[in-house]
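Engineer: In case you want the letters, here they are:
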Amino acid sequence: MEARGSVSGRPGRPLVRFYGLSTCIWCKRTRKLLEDEGVPFEYVYVDLLDDDKDDVMAEVRRFNPRETFPTLVFGDSRCIVGYHPEEIREALGR
Amino acid sequence: MNDTTPIGRDEIEAFVARLREDAERGGYHLNPDQDFTTGLAQGLLENERRYGYRSCPCRLATGEKERDLDIVCPCDYRDADLVDWGVCYCALYASDEVLAGEKDVEPIPERRPPEAERRVDHAASDEESRKSRLTAVPLPVWRCRVCGYLCARERPPGVCPICKAKADRFERFL
Numbered sequence: 001m002e003a004r005g006s007v008s009g010r011p012g013r014p015l016v017r018f019y020g021l022s023t024c025i026w027c028k029r030t031r032k033l034l035e036d037e038g039v040p041f042e043y044v045y046v047d048l049l050d051d052d053k054d055d056v057m058a059e060v061r062r063f064n065p066r067e068t069f070p071t072l073v074f075g076d077s078r079c080i081v082g083y084h085p086e087e088i089r090e091a092l093g094r
Numbered sequence: 001m002n003d004t005t006p007i008g009r010d011e012i013e014a015f016v017a018r019l020r021e022d023a024e025r026g027g028y029h030l031n032p033d034q035d036f037t038t039g040l041a042q043g044l045l046e047n048e049r050r051y052g053y054r055s056c057p058c059r060l061a062t063g064e065k066e067r068d069l070d071i072v073c074p075c076d077y078r079d080a081d082l083v084d085w086g087v088c089y090c091a092l093y094a095s096d097e098v099l100a101g102e103k104d105v106e107p108i109p110e111r112r113p114p115e116a117e118r119r120v121d122h123a124a125s126d127e128e129s130r131k132s133r134l135t136a137v138p139l140p141v142w143r144c145r146v147c148g149y150l151c152a153r154e155r156p157p158g159v160c161p162i163c164k165a166k167a168d169r170f171e172r173f174l
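Protein sequence lines, in the order shown, are assigned to chains A and B. Reminder that position 36 of the first sequence reads as 36 in this note's numbering, one-by-one numbering, no gaps. Reminder that position 131 of the second sequence reads as 131 in this note's numbering, one-by-one numbering, no gaps.
Wrong hints could be hidden among the right ones.
Unchecked claim - Stretches of chain B that chain A covers, calculated by requiring three or more beta carbons in the stretch to come under 8 Å of a beta carbon on chain A:
id	region
1	36–48
2	53–64
3	106–117
Since the hints were made in silico from the structure, they are not lab data. Cβ atoms here follow ideal geometry from the backbone N, Cα and C, with glycine treated the same way.
Start from the sequences, fold in the hints, and give me the full structure.
Structural biologist: Written out as structure tokens, the structure is:
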């Protein structure tokens, strides 16, 4: 599994940032939901990072001080922590 | 990460069988949803390979065992989460209610305190505070009226891990 990457969704959808752990089942479900919804997103699996783990965790902390996963960031303001399909769909404007 | 070959299906399934046996023997249950148990068991094996210990697949480990001890599976928070939510944080373990289909498996809030607070807890466990804890019990102690098993926690376990008596057979001991 790649530590970082991006998935292109259907055009015209806002970009979502996904912070997760490669071993976490809730992260897997959340990623699948984004894929099923055709959302373009950038992903980072923090447990697979080496040198820049601290920098990425600082990013996560800015939105989610508890530093838990999955953390989804919509634009530069809204953040949803955990696999909450209804809330995520709502944030995506579904 | 040294070994990047995927963990084999057989190894995962054998591990799940062992986990289930241990769980049932202690009065616990694995999540009845196989997607969860298989995926989480795989995560535990990957973490064991990566860090040398089976830290929670749904929490970020530091790689230093001392700092991660509380999230080595089964974690320090499992039993309280089973009582309050019916599953543990990653949902590898589930309660009787979940097993009976009376409760759905949903993500639960993180009970593990932030690292700064955990460090305070460790610092407090020196000799002086150990002495003072002998006179002031920080948690209620529960006694299984069936077999006498004692445990110190906020509430009694759902099932006695020794004799399998239900929570209502526990009495407040201290």
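Engineer: Take the hints in turn and mark each one as holding or not.
Structural biologist: Structure-based check of all given hints:
Counting residues of the region 36–48 of chain B whose beta-carbon sits less than 8 Å from any beta-carbon of chain A gives 8, enough to reach three: the coverage restraint holds. Counting residues of the region 53–64 of chain B whose beta carbon lies closer than 8 Å to any beta carbon of chain A gives 5, which meets the minimum of three for the stated coverage. For the region 106–117 of chain B, the assignment as covered by chain A holds, since 3 residues bring a beta-carbon within under 8 Å of that chain's beta-carbons and 3 suffice.
Violated hints: none; the structure is consistent with every hint.
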